[in-house]
Amino acid sequence: MLREKIAYDVRECLLSVKGVNLNLGGRPILRDVNFEVHNLYRPGMLQGQVVGLLGPSGMGKTQLFRILAGLNPPDSGHVLIGDPPVPVAAGMVGVVAQHYPLLHHRTILGNLVVAGRQAGQPAKAAETEAQRLLEVFGLKEQGEKYPVQLSGGQRQRAAIAQQFMCSNQLMLMDEPFSGLDPLALARMCQFIKDIAQTDEHKTFVIVTHDIASAIEVCDTLMVLGRDKGPDGHFIPGAKIQQTVDLIARGLAWHTGISRTPEFHAAVNEVKDLFAHL
Amino acid sequence: MTPAGSRKAAGLLQAFSPNKILSRSAMNIIVATQVVVFLLIWAFASFKVLPKPGEVFASIGDLWTNQGLGQELLSSLSLNFEAVLISAVLSIGLAYLTVLPFFRPLVAAIGKGRFLSMAGFTLVFTLLVGGGHPLKLSLLVFAMTVFFVTSMASVVAEIPKADFDYARTLRMKEWRVVWEVVVLGTVDKAFEVLRQNAAIGWMMLTMVEGIYRGEGGIGALLLNQQKFFKMSEVFGIQIIILIVGLCQDLIIGALRRFVCPYATLTLERK
Ligand SMILES: Nc1ncnc2c1ncn2[C@@H]1O[C@H](COP(=O)(O)OP(=O)(O)O)[C@@H](O)[C@H]1O
Ligand SMILES: [Mg+2]
Numbered sequence: 333m334l335r336e337k338i339a340y341d342v343r344e345c346l347l348s349v350k351g352v353n354l355n356l357g358g359r360p361i362l363r364d365v366n367f368e369v370h371n372l373y374r375p376g377m378l379q380g381q382v383v384g385l386l387g388p389s390g391m392g393k394t395q396l397f398r399i400l401a402g403l404n405p406p407d408s409g410h411v412l413i414g415d416p417p418v419p420v421a422a423g424m425v426g427v428v429a430q431h432y433p434l435l436h437h438r439t440i441l442g443n444l445v446v447a448g449r450q451a452g453q454p455a456k457a458a459e460t461e462a463q464r465l466l467e468v469f470g471l472k473e474q475g476e477k478y479p480v481q482l483s484g485g486q487r488q489r490a491a492i493a494q495q496f497m498c499s500n501q502l503m504l505m506d507e508p509f510s511g512l513d514p515l516a517l518a519r520m521c522q523f524i525k526d527i528a529q530t531d532e533h534k535t536f537v538i539v540t541h542d543i544a545s546a547i548e549v550c551d552t553l554m555v556l557g558r559d560k561g562p563d564g565h566f567i568p569g570a571k572i573q574q575t576v577d578l579i580a581r582g583l584a585w586h587t588g589i590s591r592t593p594e595f596h597a598a599v600n601e602v603k604d605l606f607a608h609l
Numbered sequence: 062m063t064p065a066g067s068r069k070a071a072g073l074l075q076a077f078s079p080n081k082i083l084s085r086s087a088m089n090i091i092v093a094t095q096v097v098v099f100l101l102i103w104a105f106a107s108f109k110v111l112p113k114p115g116e117v118f119a120s121i122g123d124l125w126t127n128q129g130l131g132q133e134l135l136s137s138l139s140l141n142f143e144a145v146l147i148s149a150v151l152s153i154g155l156a157y158l159t160v161l162p163f164f165r166p167l168v169a170a171i172g173k174g175r176f177l178s179m180a181g182f183t184l185v186f187t188l189l190v191g192g193g194h195p196l197k198l199s200l201l202v203f204a205m206t207v208f209f210v211t212s213m214a215s216v217v218a219e220i221p222k223a224d225f226d227y228a229r230t231l232r233m234k235e236w237r238v239v240w241e242v243v244v245l246g247t248v249d250k251a252f253e254v255l256r257q258n259a260a261i262g263w264m265m266l267t268m269v270e271g272i273y274r275g276e277g278g279i280g281a282l283l284l285n286q287q288k289f290f291k292m293s294e295v296f297g298i299q300i301i302i303l304i305v306g307l308c309q310d311l312i313i314g315a316l317r318r319f320v321c322p323y324a325t326l327t328l329e330r331k
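Chains as they are written, first to last, in the working numbering: chain A, 333 to 609; chain B, 62 to 331.
Accuracy of the hints is not assured; some may be wrong.
[Said to hold, decoys possible] Below, a list of computed lysine-lysine pairs in the BS3-like style, where the Cα atoms sit at most 25 Å apart: (1) Lys477/A / Lys250/B; (2) Lys291/B / Lys113/B; (3) Lys234/B / Lys222/B; (4) Lys250/B / Lys234/B; (5) Lys234/B / Lys456/A; (6) Lys291/B / Lys109/B.
What the hints contain is simulated information worked out from the structure, not anything from laboratory work.
Same shape as in the complex, but just chain B (with noise of 0.2 Å):
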């Protein structure tokens, strides 16, 4: 092998050593392969309903132009941005009542409502708020609070005794520790978990937006294609809400380093 070849074989064995840091280069190639990989699988696979990669790109551009792809999105996009807000304030804030004994078994049973199917509160939460909007939104409320509730009440549960006892050395009264600790504390851990559980929402979104059609939304859109067996239309929806939840995905971690930038500060792979 030339010294150059034998070079690149040594980076090569890098990307299989346990815990190895690489380039940001070295790791977009690496990304790239594989994306390159699974189109070429995808693009030969003989499968025969499977569409082809061409198809589905077709089909989005299709998707846009004559049925209002870009529409329906926006009406999800807003539904989904509701539906994680209120979730996040109800989630963050019955985890931090935790800190009184009074809440904790009424916390941890709403966390139980992660065993419960949301078909069996369809009934339930439409003669308690109606139809339409509001009981699309409540829906989603419930399936992501139950998960993201369940998480954060974890992190609090789990702040070592001594951080407590050190926050009370600087004369802090249990309220103020509270605050110091429960709540600035977990700000950051706070972030991962709204992100890891914001993605139920999307999820979600098929099950509540075929409940009600009423303001369409790419679920709604999905289940119209699936109907009608259209394998490249729905391939194509459900690669758009992969991208939108990339987004989503990265735009929390953003206002995490953002809001947190001590959180990542020791991380060996930031």
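With the rest of the complex left out, here is chain A (with noise of 0.2 Å):
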């Protein structure tokens, strides 16, 4: 089945990576870690995109999420974020770590405006952005209630709603497929594919082991993984080791697609690529 080629521009770097090297323990976690990270403009349409970091258990996606977040420095090498661009630090990016942080104090509803009052919102367009969110983000009976009554499912989207509060263009998730049930999962996809298609114009970083669902809701895919040298054996430190381009296979900006055979040819192939890993 083939489909139509939608037209796309590439326009202005939103994050570029250059050269990022970590050790921890002593032992090389990343290794010349390299990619960037373009705002692609649809004529005629808003579009925000999802770009997926995809490798196996342990291969150091937490710790270059981190990096990006700037919430570690690399050993060396740099992150730049924006246009100009500028070294990142903590709180440029939205951040959605692991296991969903949110302020336990606080009600859901506080939870989003005070993240409004950090980035410079005054108090009653903090509160009415927060109630906007809530809304868009289906937690609107949820506002007065407090993390820990929350679900998992609902506490994930309100700590998202809260990060997209305070967060310019960018928005880096750990792991966002991670501990849903299958409903939840198709869910969250979805979810995720809505809000970088809405007037938000996000670009969200993936950083995620499951490659069905990476595959599912990103339009480009970076594998990371480890360099075999000549003897057949790893050598430590992970890079980026593939990089595909869901657009050019038709597997992004459509409706449906994993029911179609190339989606499920593009799982199966990444799935072998991560056995050599």
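Take the two lone chains and join them into the complex the hints point to.
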């Protein structure tokens, strides 16, 4: 089945990772990681993007995530964001960590408002924006509840909504698909695709080991893995091994892609790749 | 066994199953039973030195009407309240100060005061603050603070790194991170630590009121009764202190639930 080609332009650079190296406990974790994320522009359409950083467990994804978030500096190399590019610092990009942290002593509405205030919004505006996001994220009834009173899925959406209150274009997520039942997982995938395409004009960078979900929601995939030396042994330290352009394969920006043979072919291809990382 | 009987037996078994939550009325029955058993053992124990419940309660009445128990209790209550307040402010303040590396050794050193005997401090404190009320107060504050600051500093030290990082991702500057994560984030725990450590004040009371008896107080009263081997009076005063302590616990607990409604939401035993 051949899908029509969708025209788009590659515009300014949103995130640029240059020569990032990281050692922990004397062991290389990341070795010369390089990639860029550009703003894509579809004529006549608002199109956010979803970029996936995919790799097996223990490969250093969370460590890379922390570096991209500006929480840890790399041993060498740079992470630049925006146009004109500036070195990343904590708070410059939206960050949804793995267990969806929220301020436990504030209500959900309070959590959102405090984030808005941190981003410099006046109290009234922050409150209005928080109410709007609660509505968008299906949390309208939960505003007065405390984080411990939410379900896992609600908590995840609340954590994302909170980051929306205070972040600019980039949004990082660590393992957003883990710990969800199949229904919640499908809803999460749809949710990310939806908000990437709303007027928020967000770019998501998703760190995950979930191949199928990543292919479903992402338009570009980068696979993290280790090199093999001439003797067949792994060289410690992960780098980007392969970039998969899912737009070119017709696996992005269409509905119902997860039922197509191309989708399953791509999943199997990445699975095979994983086996050699 | 009749069906009703076997249901009761099953209910009884529940009280001995791990992590079971019993209804409030069932818990009340258990408490009442234990109190009754305790009173029975007390009433029929063959220790000669032990005063009987009747004697003790009679002497409480006598202390109240003839020896100004109410007055003394009020004096002790106000002294304790003052000490708890000062100690709470000091300890919580010091614990929060440990976010600054400069203060960590100081706070750790104050906590080590736990190992020192109060008796060894009376002379120093007398010379420092003079005698009387200030002496009692400072001794109580010291005794409470060394424990309180230890617990509270460990609450602060045990905040996970992830909590700090998370606050930073919300664009908080470091002082704002301290306010949000260290101060607001631990208020519920601070109440619990306060509840546990405020009891030390009552434990220390007889000692400090014995040093300076000018203001009286229930501790001084207890020492007077002890001097004359008035066992049932001594027991009576102990019971009064226990009841006051229970109320103090309940009040601080209620305060915690009021100020931090989120704190008890997820507990199995609310
Ligand atoms: N503090 C640390 N010291 C040493 N090694 C660490 C530390 N934290 C993580 N690692 C190692 O770094 C590697 C990558 O971890 P992580 O980024 O969490 O992997 P994942 O890809 O599953 O997110 C793992 O092998 C882990 O053992
Ligand atoms: Mg991880």
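Check your understanding: Taking 25 Å as the top limit, are the C-alpha atoms of Lys291/B and Lys113/B close enough?
Key -> Between Lys291/B and Lys113/B the Cα gap is close to 13 Å, so the pair holds against 25 Å.
Exercise for review: Quickly compare the C-alpha distance for Lys234/B and Lys222/B to 25 Å and report which way the hint goes.
Suggested key: Holds, at about 16 Å.
Point to revise | Hint consistency between Lys291/B and Lys109/B [alpha-carbon to alpha-carbon, up to 25 Å] | key: holds (14 Å)
Point to revise | Given hint Lys234/B paired with Lys250/B - CA-CA distance at most 25 Å | key: Given pair Lys250/B, Lys234/B holds - Cα atoms ~24 Å apart, limit 25 Å.
Point to revise | Pair hint outcome, Lys234/B versus Lys456/A [Cα-Cα no greater than 25 Å] | key: Cα-Cα ~22 Å, so holds.
Exercise for review: With a cut-off of 25 Å on the C-alpha distance, tell me whether Lys477/A and Lys250/B pass.
Suggested key: holds (20 Å)
When each numbered hint is compared with the structure, no violation occurs for any of them.
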